[in-house]
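Engineer: The chain contents come next:
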Amino acid sequence: MAKDRLRELFADWEAVIGLEIHTELTACATKMFCGCPVEFAGEPNTRVCPVCLGMPGALPTPNARAIEMTVLAGLSVSCEIARESRFHRKQYFYPDMPSNYQISQYDQPFCGLGFIDIQIDGPEAKQRIDRDTAANVSPIDGDGAAYSARIGITRIHLEEDTGKMVHVGGAEGRLQGATRSLIDFNRAGTPLIELVTEPDIRTPEEARRFAQQMRLTWLALGISDCNMEEGSMRVDANVSVRRRGEKGFGTKAEIKNLNSFKSLHDGVAYEIVRQIETLEAGGSVIQETRHWDASAKRTSALRSKEQAHDYRYFPDPDIVPFVLSDEWIEGLRATLPELPAARRQRYRTEFGLSAYDAGALVSDADLATLFEETLGLTGAAKAKAVANVVLNDVAAFLNAEGVALAQSRLTPGGIAELVELVSDGVISSKQAKEVFAEMAASGQMPAEIADTRGMRQVSDHSAIEEVVDRVLAANASQVESFRSGKTGLLGFFVGQVIKEMGGQANPKVVSEILGRKLGSGG
Amino acid sequence: MSTEWLVNARAAEVRMRFVTGDVSAREIAESSLARIEATDEGIGAFNQVTAELALASADRIDETRTAAVREGLDPAQALPPLAGVPVALKDNMNLIGTRTTCSSRILADYESVHDSTAARRLLDAGGILMGKCNMDEFAFGSSTENSAFRPTCNPWDLERVPGGSSGGSAACVSAGQVVVSLGSDTGGSVRQPGALTGTVAVKPTYGRVSRYGVVAFGSSLDQVGMFGRSVEDTALTLQAIAGHDPADATSVDLPVGDYVAAARCGAEQGIAGLRVGLVTDLLEAEGAAPEVISAVRAAADVFAKLGAEVGEVELPSTAHGLSAYYIIGPAEASSNLARFDGIRYGHRAAGAADVLELYTRSRSEGFGSEVIRRIMLGTYALSAGYYDAYYGKAQRARTLIKQDFAAAFERFDIILTPTSPTVAFRIGERIEDLMAMYLTDIYTIPVNLAGLPAMSVPAGLCPSSGMPIGVQLIASHFAEEQMFRAAAAYETAIGFDTSPPTR
Numbered sequence: 001m002a003k004d005r006l007r008e009l010f011a012d013w014e015a016v017i018g019l020e021i022h023t024e025l026t027a028c029a030t031k032m033f034c035g036c037p038v039e040f041a042g043e044p045n046t047r048v049c050p051v052c053l054g055m056p057g058a059l060p061t062p063n064a065r066a067i068e069m070t071v072l073a074g075l076s077v078s079c080e081i082a083r084e085s086r087f088h089r090k091q092y093f094y095p096d097m098p099s100n101y102q103i104s105q106y107d108q109p110f111c112g113l114g115f116i117d118i119q120i121d122g123p124e125a126k127q128r129i130d131r132d133t134a135a136n137v138s139p140i141d142g143d144g145a146a147y148s149a150r151i152g153i154t155r156i157h158l159e160e161d162t163g164k165m166v167h168v169g170g171a172e173g174r175l176q177g178a179t180r181s182l183i184d185f186n187r188a189g190t191p192l193i194e195l196v197t198e199p200d201i202r203t204p205e206e207a208r209r210f211a212q213q214m215r216l217t218w219l220a221l222g223i224s225d226c227n228m229e230e231g232s233m234r235v236d237a238n239v240s241v242r243r244r245g246e247k248g249f250g251t252k253a254e255i256k257n258l259n260s261f262k263s264l265h266d267g268v269a270y271e272i273v274r275q276i277e278t279l280e281a282g283g284s285v286i287q288e289t290r291h292w293d294a295s296a297k298r299t300s301a302l303r304s305k306e307q308a309h310d311y312r313y314f315p316d317p318d319i320v321p322f323v324l325s326d327e328w329i330e331g332l333r334a335t336l337p338e339l340p341a342a343r344r345q346r347y348r349t350e351f352g353l354s355a356y357d358a359g360a361l362v363s364d365a366d367l368a369t370l371f372e373e374t375l376g377l378t379g380a381a382k383a384k385a386v387a388n389v390v391l392n393d394v395a396a397f398l399n400a401e402g403v404a405l406a407q408s409r410l411t412p413g414g415i416a417e418l419v420e421l422v423s424d425g426v427i428s429s430k431q432a433k434e435v436f437a438e439m440a441a442s443g444q445m446p447a448e449i450a451d452t453r454g455m456r457q458v459s460d461h462s463a464i465e466e467v468v469d470r471v472l473a474a475n476a477s478q479v480e481s482f483r484s485g486k487t488g489l490l491g492f493f494v495g496q497v498i499k500e501m502g503g504q505a506n507p508k509v510v511s512e513i514l515g516r517k518l519g520s521g522g
Numbered sequence: 001m002s003t004e005w006l007v008n009a010r011a012a013e014v015r016m017r018f019v020t021g022d023v024s025a026r027e028i029a030e031s032s033l034a035r036i037e038a039t040d041e042g043i044g045a046f047n048q049v050t051a052e053l054a055l056a057s058a059d060r061i062d063e064t065r066t067a068a069v070r071e072g073l074d075p076a077q078a079l080p081p082l083a084g085v086p087v088a089l090k091d092n093m094n095l096i097g098t099r100t101t102c103s104s105r106i107l108a109d110y111e112s113v114h115d116s117t118a119a120r121r122l123l124d125a126g127g128i129l130m131g132k133c134n135m136d137e138f139a140f141g142s143s144t145e146n147s148a149f150r151p152t153c154n155p156w157d158l159e160r161v162p163g164g165s166s167g168g169s170a171a172c173v174s175a176g177q178v179v180v181s182l183g184s185d186t187g188g189s190v191r192q193p194g195a196l197t198g199t200v201a202v203k204p205t206y207g208r209v210s211r212y213g214v215v216a217f218g219s220s221l222d223q224v225g226m227f228g229r230s231v232e233d234t235a236l237t238l239q240a241i242a243g244h245d246p247a248d249a250t251s252v253d254l255p256v257g258d259y260v261a262a263a264r265c266g267a268e269q270g271i272a273g274l275r276v277g278l279v280t281d282l283l284e285a286e287g288a289a290p291e292v293i294s295a296v297r298a299a300a301d302v303f304a305k306l307g308a309e310v311g312e313v314e315l316p317s318t319a320h321g322l323s324a325y326y327i328i329g330p331a332e333a334s335s336n337l338a339r340f341d342g343i344r345y346g347h348r349a350a351g352a353a354d355v356l357e358l359y360t361r362s363r364s365e366g367f368g369s370e371v372i373r374r375i376m377l378g379t380y381a382l383s384a385g386y387y388d389a390y391y392g393k394a395q396r397a398r399t400l401i402k403q404d405f406a407a408a409f410e411r412f413d414i415i416l417t418p419t420s421p422t423v424a425f426r427i428g429e430r431i432e433d434l435m436a437m438y439l440t441d442i443y444t445i446p447v448n449l450a451g452l453p454a455m456s457v458p459a460g461l462c463p464s465s466g467m468p469i470g471v472q473l474i475a476s477h478f479a480e481e482q483m484f485r486a487a488a489a490y491e492t493a494i495g496f497d498t499s500p501p502t503r
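Protein sequence lines correspond, in order, to chains A and B. Residue numbers for the first sequence follow our numbering, beginning at 1 and rising by one. Residue numbers for the second sequence follow our numbering, beginning at 1 and rising by one.
Everything labelled a hint here was simulated from the structure, so no lab data went into it. It is possible that some hints are incorrect.
Claimed, not checked - Selected chain A positions facing chain B (in silico; Cβ < 8 Å): (1) 56; (2) 58; (3) 93; (4) 261; (5) 289; (6) 334; (7) 335.
Note that the Cβ used here is the ideal one computed from N, Cα and C, for glycine as well.
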């Protein structure tokens, strides 16, 4: 198993990982350089025009909204925003690219150096064996269970997406063995941002967390639907390994076809092990592009026909350079929403959540919203209890049913009422599970469910005292034993009282009264 | 009726005869078609004569006039500025309903799927489109001999070239087949054929006319230009097509001047006080004919007699113009022409085994040798390791040339040069001598590199050959009004007859 193997290998070896994340700006109404709509799928070649088909004489006109979104993306990850920026042509022949050049950015991208802080928690935190010493890493909560790592961002640039090819007659739609190829240009010209990280990532889990956090960030900005299955967010990983202590970089391989976070994690983990084993066996790593096969769980070299391309970049003369003013940039900055790292921090300091809980909530925008809306009803003092219900009951239910929160009957009001019933001692936490299940199934409110099911706990002291007295009288010998030191019998008495009361006595109140009566020697 | 009047007519005259009801648009279109029919076998100005389109649009224009009269409107006021005027387009300008071939095998059957903004505006101004004009393939050339279809002949002497690359657009105006036409000018492709055919030929400021829909050659150099048999006709044409176009990000959002008024002002009131600088260093360029040099000096004297303050000016950096141009132009062209790959449209080689073979064979079969040469030059200049030495250096030269002009325009309003170093040469004479062919554009190229407006105005006939000579008037950015004023004053002063003797 790759995970255990990795832990072993990481004793002597270190992985160096950089990511390239392409994200389509699906929130743009129109394509990057023409007025065609941006949508997914649909009849082939129905969202095309002379510009995005590269017809003779067509000219590109840049989409201002896409540029705004790109700068917003840059601001959200603390990038330096270029005051002067421009588009270049990246030239190579491929049938899915109508002009045989891609309008992209080269040495003057909109966004330069930036960074984000990611959080690694749970068992995967142990993958990083130098987490106490590495310069870009700091512990969270001080218990070593979670750490934060600062990942540098090299740049974010804006470009146009290509069309899509379907190869017919071969296996699985791949080129190998195909008899003909079909091209759909609906996607051609869709605004696409490419984020490139510094080689700051050291473990497969960091790679996954980074990509997840970028997804959350783009979602929070509302610039893309970040759907990895549909390809609106695509991650490539550059992986190399070196012996611990070495400063230089090893030869890297680029991993493609990582179309889920699990693929990203597993593909990178596989590749690290493969490279280390290759080197330990006396072999060498070849600089190449490798394809992750999620079902075979391995990477394999793509036909290495792909020699170093000379893209012959040059400034696109059809598009005048951009000069961005400080006022314009600051105006955009003012619209930034709260971002994942800041939100995690707030959940820990303001609500006292653990790093793990804070991370888990922030990683799911729906759950985080439910959490915050519920807190609005219960007050922040009950944050931990609300977080527990949201992260355990709600998450498990949604996961089991395979539905989104919006499609479920769960509401902040319902969750708040449930938490309050427990904290007021009206129902036990065990009963709360049952109430939750019923609420999730029927949409009924918790108090109503507790009533109909006769669950309300008796917290009435006099009623309980009456039963306590009866139980103590009926078990005189046990009372004797308790008083002579067998204090473990307290549970027995509590159980008897609750049983007498048909299970509806509040255990806390029962123990309290029992303790008083037994201790008083009465 | 006789078609003779149309052969020498100016646009304003054609329009006036039409709006007053003296002649119908249909009659005008038929006259133009008859003239083309009678002369174009010898000249070869047209790749496609759009007779049906022409007659249909003539009928529409006639109906518009009839409707205006019926509503009691004055047709002279109600009808657009080029109403009823026969026009032609270079065959790299898209217009739905026509083929746009760029005189290339690769686009020989290509039907336009969109309109070029300039063509659309010309027709919206009432022009009747007679056809699409021959050119050097993809505008690479200075003689129209690089057409994949046939060379165009100079109406002044059918043995000679009309210049290029907009040779067909120049020849059809010179031969009286149409009244005005559009071309494109990347390094002189409008002005040089203008000079060689005795027509007035204008390249506006880069950004003045939309490039949308014009098949690109060198995107940072290309500009739509126009031919006419008078300065006023070219002013009228520019007026009709100039102005910002949201579809061309490099078109400029500045108000369009009153070019016709400027031309009339120059013709009627002269140019007293205008500062005209005669270029001295560039004047005696390699291969410049003595007749051409003396014609330009004579033009300077004419300007002086008209009351202009004539001085001398040097533009030392323009010596590097040709070299810079033959890096930047091909570099951009190599990229712009990448889209002709046989995948979506145009010529596709039969029986290719894979996509690489499809590309290489479609392009090798579809492109002529000059196109292939320029693509190779440009590809090389942009290659890793050569970019700085070629493209980067050419851009630095371009900056120096711009600075030279900027300094010159602090002292002068108009800079005067020859348009072409020689008169029209014989067909075949330079086809093997590329340097001689490239040197043809030595005076015009620096203007494109600097993005300035310039025009060629006939300056008389060469005493030895009897062929027309043109002088080039260069103005500062967006100073087209100044340029038309000077050109019209000069035109009036010398009274050149634009009719070729062979008619």
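Engineer: Holds or violated: residue 56/A as interface residue toward chain B, Cβ cutoff 8 Å?
Structural biologist: holds (4 Å)
Engineer: Double-check residue 289/A for me: the hint is only fine if its C-beta lies closer than 8 Å to a C-beta in chain B.
Structural biologist: With a minimum Cβ separation of about 19 Å from chain B (threshold 8 Å), the hint on residue 289/A is violated.
Engineer: Next item in the hint list is residue 58/A. Is there a CB on chain B closer than 8 Å to its CB?
Structural biologist: holds (7 Å)
Engineer: For the hint on residue 93/A, does the least C-beta distance to chain B fall short of 8 Å?
Structural biologist: holds (6 Å)
Engineer: Regarding the hint that residue 261/A lies at the interface with chain B, is the smallest CB-CB distance below 8 Å?
Structural biologist: violated (34 Å)
Engineer: Hint check: is the beta carbon of residue 335/A less than 8 Å from a beta carbon of chain B?
Structural biologist: violated (26 Å)
Engineer: With chain B as the partner, please determine if residue 334/A meets the hint condition of a C-beta pair closer than 8 Å.
Structural biologist: violated (28 Å)
Comparing the model with each numbered hint stated earlier shows that hints 4, 5, 6, 7 do not hold.
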